[in-house]
Each structure stands twice: as C-alpha cells, then as structure tokens.
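With the sequences and hints as input, model every part of the structure.
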Amino acid sequence: MNYYDVAVIGSGPSGAMAAYYLAKKEISTVIIEKETLPRYKTCGGGLVFRGRRKLPFDISSVVEREFDRMKVYMEGEEKVLSTVRDVPVISMVMRDKFDNFLIEKAREAGAILKQEHKLTSITFGEKPILHTSQGDIQVRLIIAADGALSPTAKLAGWEETRKLIPALEYEVEVNPADFERLSKEVRFDMDSVPHGYAWSFPKENHLSLGIASTRRKRIDLKAYYKKYLEKLEIKEVLSEKAHGFQIPITPRTDGFYRKNVLLIGDAAGFADPVTAEGISNALWSGELAAEAIIESKLNPEKTGALYHQKLEKDLLPEISTSQTAAKWFYSYRIIRNMLLRKYGDYAINFMTDIYIGRRGYPKDLMKTIKNKISESKRSFM
0 MNYYDVAVIG
10 SGPSGAMAAY
20 YLAKKEISTV
30 IIEKETLPRY
40 KTCGGGLVFR
50 GRRKLPFDIS
60 SVVEREFDRM
70 KVYMEGEEKV
80 LSTVRDVPVI
90 SMVMRDKFDN
100 FLIEKAREAG
110 AILKQEHKLT
120 SITFGEKPIL
130 HTSQGDIQVR
140 LIIAADGALS
150 PTAKLAGWEE
160 TRKLIPALEY
170 EVEVNPADFE
180 RLSKEVRFDM
190 DSVPHGYAWS
200 FPKENHLSLG
210 IASTRRKRID
220 LKAYYKKYLE
230 KLEIKEVLSE
240 KAHGFQIPIT
250 PRTDGFYRKN
260 VLLIGDAAGF
270 ADPVTAEGIS
280 NALWSGELAA
290 EAIIESKLNP
300 EKTGALYHQK
310 LEKDLLPEIS
320 TSQTAAKWFY
330 SYRIIRNMLL
340 RKYGDYAINF
350 MTDIYIGRRG
360 YPKDLMKTIK
370 NKISESKRSF
380 M
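At position 274 of the sequence shown (counting the first as 1) the number is 273 in numbering that gives the first Met the number 0, and the numbers step up by one without a gap.
Note that these hints are calculated values from the structure, not bench results. Hints are not guaranteed to be accurate.
Said to hold, decoys possible - Distance condition first, Cα-Cα at most 27 Å in a straight line; then the derived DSS-like pairs of lysine-lysine: (1) Lys-296 with Lys-23; (2) Lys-183 with Lys-113; (3) Lys-126 with Lys-40; (4) Lys-326 with Lys-226; (5) Lys-126 with Lys-33.
Okay, structure coming up:
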C-alpha cells in the first residue's frame, strides 16, 4: 500500500494549488483524480484578477483572452455599467487547459498525480486509508477538492448545508460576424433570468454563454438561454454544447475539518455569492489549507484548528458580506436599480476594485447601502 503525508482528492484549481504549496515544502503529496487529464470541466472560465494575482507563476500560456473591463447590463435599464483598469480585470481560460497547467506546476514541485483513481470509500483512523478503483493509499491528512458534489465530504459525514444554485453553460460557435462583434467585451446581463443573470465570455474562437439563478426552485434555464441568444442578436449558431451544473454560493455551516479531512473550494462552498465566481476563492482556500498543514507540521487536530482560524480571518467574513450584497442585489430589484441609476459608476468601480484584489468586501456594507438609499430618497423629495 502506498503511503503519503497528504492526499488531495480532485484536480481543480483549489486542489492543484494546495498540492503545489505542500510539495514546495517537501511534504509528500498525492493528487487523486478519477479522470484522465486534461479533461473538460463545466465552468464559465472567467478568472478575475484577484485570483490571478495570487498565483505564484505566470499563466499567460493558458489565457485565451483577457479584458481590462467588463460591462454590466440591467434588464429594462438604459444605463450600462463599466469601468477600465490597468490590469486584466477578467481572464478567459478553458478549464481543461487551465487545470492541467496548474497540476503540472504541482507535479514539477514534487506532487504525485494518480489518474483514473476513483475514490470509493475511506477507512478513517489515525492514518486514514483511501480505497480507490486502483488500490489503497494511506495518508495522514486528506484535502477534499472534489467540487460541488464532493463525494469525499459525504464519506466523511458532512450533511448538506450549503446553498447550491442551478446554472446552465453553453460552449457556442457562432458565425464570424457575430463572433467578431461579441468577442470585444465580457458582459453580464442582470435579470435575464429571475433573481440571476446571464453571461457572455469570449474565448479564443467561441463564446461561453450561460444562465444562473440564485433561487433553488425549478426553473427552465434552457428557455431563458434561448431568450438570451435573441438579446445578443446572434443570427446563427454553428454548434453548441450544453452543460448543467450547481454552484455552492454559501459555505457549509458545520465546519470545514473533521476526521483528518479538510474541505476547500466548491466542496466547502466558497464561491462568491454575488457573482457565483469560484476560481479565485478556490485558489485562496487551497493555499490556506496548505499553510495550515505546513504550520502545524502535519498534526491533524492542530491543522483543523489552524485552518478554521485562517478562514475566519478574511475569507469567511468576505463571503458573509458578499451574501448580504447578493440578497440585496437579487431580491430587491426596484431599490437596486434606483440606487444604480444614481450611484452606478461608484458601484461598478467599487466592485471592480474587489475583483482585481485592491480591496475586500466592506464589513459595514449594510450601513453603506442604507446611507445610499437615504440619499436617494432625499434627492427625490
């Protein structure tokens, strides 16, 4: 039976970066992946600069396009929100290439990759044993980086306490004229679906188009996607591949460590509640998990306590504030639009600063919103 200090389950951005940082410190690390890399991953593929700037290496070779601005369209509103920055606000990647690139960096640092190893069960103990489709592996610690569905979390006994929202993503080839027109901007269309938004992400030679709703009730996302094609005035679809998925936009409420297992990325529920963007917080949580393991010198209980401390310092407070912002943004459309008509330029600059990592979500967000509402009411009197 093979033995390692740490097993990372899953080869997405969170798992790859956890493995990278651990291997750099010469901690024996194995990445368990059920498929063969590179593999397609359902995702819009928009990496905001706050995530990109955290990476310890250049990823230009796997960036298909990058944009120094994004545009936000509001259903029924004339005003379009946009601002320009001197850095790529959002970089477009295809997850098969991006994830594989990060894994190769982890392997260069010394991590071992075991592909086509599907985790089937875990024998928990002082040193857990992972039972995979190709044999057993014993470790001291396990990092669950296996996405929104996270079989590892279920095996370790976590109940479902996250809020998972439905999303539908299409990889779409359009005619050259439409692609030329739409490839010039990244756009978000708020309210193109009730309590949600649509997006258009230009890749190297096609568009990633999608629809997401922050409500969990049944909804015909495909019908709203068809309406979005009309809104974008796409004349001809040459090909399209649909991928449905769920995005966890609230963290788990019953902790992120138990039985020598740490949860990171979507397995923990760390996607941004406002945008549902998950890559940047996935990278961040992978780094925090690695730091906790390194600083605790592989002591499981110390690792768990330290990981929680690190999460509670910045990441969890940011997500909590973002949850408040998301509630206002998607549930109070009339008030939101009233505010954006007057303070839209301020709002888009504020949010862009967050997306490029120049500031975090403010802890006094509710106070800020209430003050802006009061100012707006006075202006109408």
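- request: Could you tell me which of the hints above the structure violates, numbers in ascending order?
  value: Numbers 2 and 3, in rising order.
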